[in-house]
Amino acid sequence: MMCPPGHFRFRRWPACVALVATALLGVPSRSDGQGWASALARYHEIVQEYRLGRQEAAVRGWLALDDRLVRQGVEQLCSILETDGDLLAPWTLVDVQAAAVFHSELAIQGTLDSSFQRSRQLELARRLAEVKIARSGHQVPALGREFRHRWHLLVAWRAHGLLEMEDAAAEVEKLRRSFGVDAEILLTAASLSETLAWPALANSLPRAVLAPRNLLSRKFYLKDAEAKYRRAVALAPELGEARLRLGRVLYDQGRHDDALSTLEPMLTAPHDTWIRYLGHLFAGAACERLGRVADAAAHYRTSMEIRPEAQTGAVALSFLLRQQGESGTAREALSPLMSAANEQGQDPWWDYYYGQWRQVPVALVAMRHEVAR
Amino acid sequence: MKARVRGALVILLALAAAVLARAQQVSFKARVDLVRVDVLVTDQGRPVSGLTRSDFEVRDNGRVQEIDAVFGAPQPLEVVLVLDVSASLHGQPFDHVKQAAWAAVEGLQAGDHIRLLTFSHRITMGAAEAAGAAAMRTTIERLEASGNTSMFDALYSALAMAVGGPRRTVVLLFSDGRDNRSWLSAAAVVQAARESDTVVYAVAYKPPWRSASDYAGPGIASGPDKDLLTKLANDTGGRLIWEDDSSRLPEVFQRLLAEVRSRYLLTYYPQDVSRTGWHALSVRLKDKAGKVVARPGYIVR
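Residue numbers (the numbering used here), protein chains in the order written: chain A, 1 to 373; chain B, 374 to 674.
Just chain A, with the same shape it has in the complex (with noise of 0.2 Å):
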C-alpha cells in the first residue's frame, strides 16, 4: 500500500498506517484507496471553485463526482486532522470551513430534488463544519467558535423552517452545551416553543414527531417561550424580533395590555419592514381584543401601507369591519387580493411561524463571503 499519489503527502508517517489499516480492512478497498484520493482532489478544485463565487460550476462539478468516493475521501480527511492533528495538502482549514458552507447550501437551497440528497449534504456539512483537530493527546473544534456558533443556528434555523421540530430541538441543546445561552440561541429556542403552541400547525405535524410533546400543553409552550423571549430581550434590546415575538405569545395568553406595550417600540422600527409589518398587525389585533375597534382598524391599514402587496394586513382590517356591520367598506377592504402586485407579493405573516427560516439565505450568504478568496 503507497501513500495516495500526485500532490497529495502526508506529513507523518501514522496517517499512512491508518490508511494502510483502512485498506486492510476493506473500506476503502485498495483500488478505493487510490480513487477517493484523486476524488479528494478534484473535491479540492470545486471548493475553490465555491470559494471564488463560480456557485454554478462547483455544483455541476460536484454532480460530476462519484459521490462515495468523495465521502470516503472527506472521511480520510477528517479522520488524519481529528488523529494526527494535520491536514491533507493542500487542504487548508479556511478550504474545510468553505466546503462545509458549500455542502450546507446544497443541503438548503432548491438545486437538489430529492429530500435524501439534502439530508446527505448536510451529513457531509456537519462532518466538516463539527471536525475536531488533534492538540496535545486532545480533541479540540478545528473551525473557529463564531462559524460553528452561526452553522448550528442556520441548520436549526432549517429545521424549524422545515418543521423537523426534533431535529431544530436536538441543534439549539447542540449550541447550548457548545455555547452557553446567548440571545439569539435564546431567540431560536423560544420560536420553537412558540411554533409547537400553534394549534394550527401542532395540530398538522405527525403524531409520530410530537407525541412526547403533546403529553405539555400550549399553556406551557407558550409560558417557555415568553421567558425565553425576555431573557433573550434582556441580554440584547437590540434584537427587535425576540420583542416582537415577545409581544405575540403575551397575546396569545389573553394579555392584551401588556403585548400591546410591548410591542409599541417595534412599531416605527426604522428599516425592518418585516417587523413592522407584524407589529401594526399584533398590535391591531391586541387593539380589537381590548375592543379598540378605530385604533385596530388604524393598525391594519397601518400594516397594509408597510406591505402593499401582502394581503393578511386586508384581511384582519375586512373582518374588522364586517364584525362593525359595514360589510360594504368591509368588501372594499379586500380589494388589494384583487390586484396584480398581490400575486406576487410576500406577506411576513406566512412564515412568522416557521421561526428564523428567513434569516437562512442571508447567513449563507454571509458564511459564503466570509470564506471566498
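Everything labelled a hint here was simulated from the structure, so no lab data went into it.
These numbers come from a predicted model, not from an experiment.
Cβ atoms here follow ideal geometry from the backbone N, Cα and C, with glycine treated the same way.
Check the hints yourself; a few may be wrong.
Partial list, computed: chain B residues near chain A (C-beta under 10 Å) [to be verified]:
id, residue
1, 490
2, 497
3, 555
4, 556
5, 557
6, 558
7, 568
Based on the hints, put chain B in the right spot on chain A.
Okay, now just chain B, sitting in the frame of chain A:
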C-alpha cells in the same frame, strides 16, 4: 295571440323587476327587515319541485312567521368558486380540479355571475363575471398547484365578497387539506358564515391511497378538515361532499350546481321576535313529504 304573449311578458318582467328591487334592498344591515332563507327540499334524495308559500312553515326563535314570498327555480345565482390550489394537489388531481372548475362555469345560465377565488397560502380573487365569460377559461387553464393552505382567510374572503343582490349566493369550496397559514381562526370563519345569507357547498378530496403518514408537509397531516367543513355546510344549509376519486370532481361540481338550482328562497319579515342576537330557524313542510335542509339560524348584531 301575439298581444297576449306580449302582455304576459310585460307582466312577467314587471314581476321580475319587483322581485329584483326587493332583493336588492337586502343587505347585511337591512336583513332584520327581510330575512332570506335558502332551503333545499328533497324526497328520497331527489329535489322536490313545484312547492309554494302555503307548503312551508317557518319558525324564527320558535315563532311561526308569515312567509312573504317563495322563489323556486330558476333564480339567478352568484357563485363564488373557492379552489384550493396548494401543492398537495399537484399532478393529475389538479387537472381534474381544473376540469371541475370549468364544468361549474359551463353549468351557469344567463343571469348568473361567477367569481373565482383560489388559495394556497396566497389568496387570489378575480372580479365577478357574467356566465359565459371567455376570460374565465384562460384563468382556470393557467392555474398551478403550489404552496401552502390559507383556507380560513380564503373562505372568509369568499363570504365577504358573496353579495348577490338579486341573485342567490353560493360558495362552492373545494379543498384537500388543512389550514396552516391563515390569519383568521376557524371560529371566525364559522361566525362569518352564520352572519351571511350565503350557502356553502364544500367538496373535500382525499384519495384512498393517501394515509396520514403520507402527508409530509404541514397543514395536510390528516387531509381535509372534516369537522370545520361539516360545520360550515350545516350552518349555512349547504352540504359537504367527500370525494376520493379526483376524476369524478367535474361531475360532482355539476351535480351540486344542479342541486343549488333546485332550491327555494323563502323571505319573511320577522314578527314577535327580538331584533338582535341569534335567531334559531326551523323550516318544515306542512302537509307534504320531504326533507328540508336550511340554515339552523342567523345572527343580527
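Checking hints one by one. Is residue 556(B) an interface residue toward chain A, by the C-beta closer than 10 Å rule? Check passed: Cβ of residue 556(B) comes within 5 Å of chain A, closer than 10 Å.
Interface hint for residue 497(B), Cβ within 10 Å of any Cβ on chain A: holds, 6 Å
Hint status (Cβ of residue 568(B) to nearest Cβ of chain A, threshold 10 Å): With a closest approach of 8 Å, the residue 568(B) hint holds.
Restraint check, 10 Å cut-off on beta carbons, for residue 490(B) near chain A: Given a least distance of 8 Å, the restraint on residue 490(B) holds.
Interface hint check: residue 555(B), Cβ to nearest Cβ on chain A, cutoff 10 Å. Holds or violated? holds, 7 Å
Going by Cβ atoms only, is residue 558(B) closer than 10 Å to chain A? holds, 8 Å
Can you verify the interface hint for residue 557(B): is its Cβ closer than 10 Å to any Cβ in chain A? holds, 6 Å
Violated hints are absent here; each numbered hint is respected by the structure.
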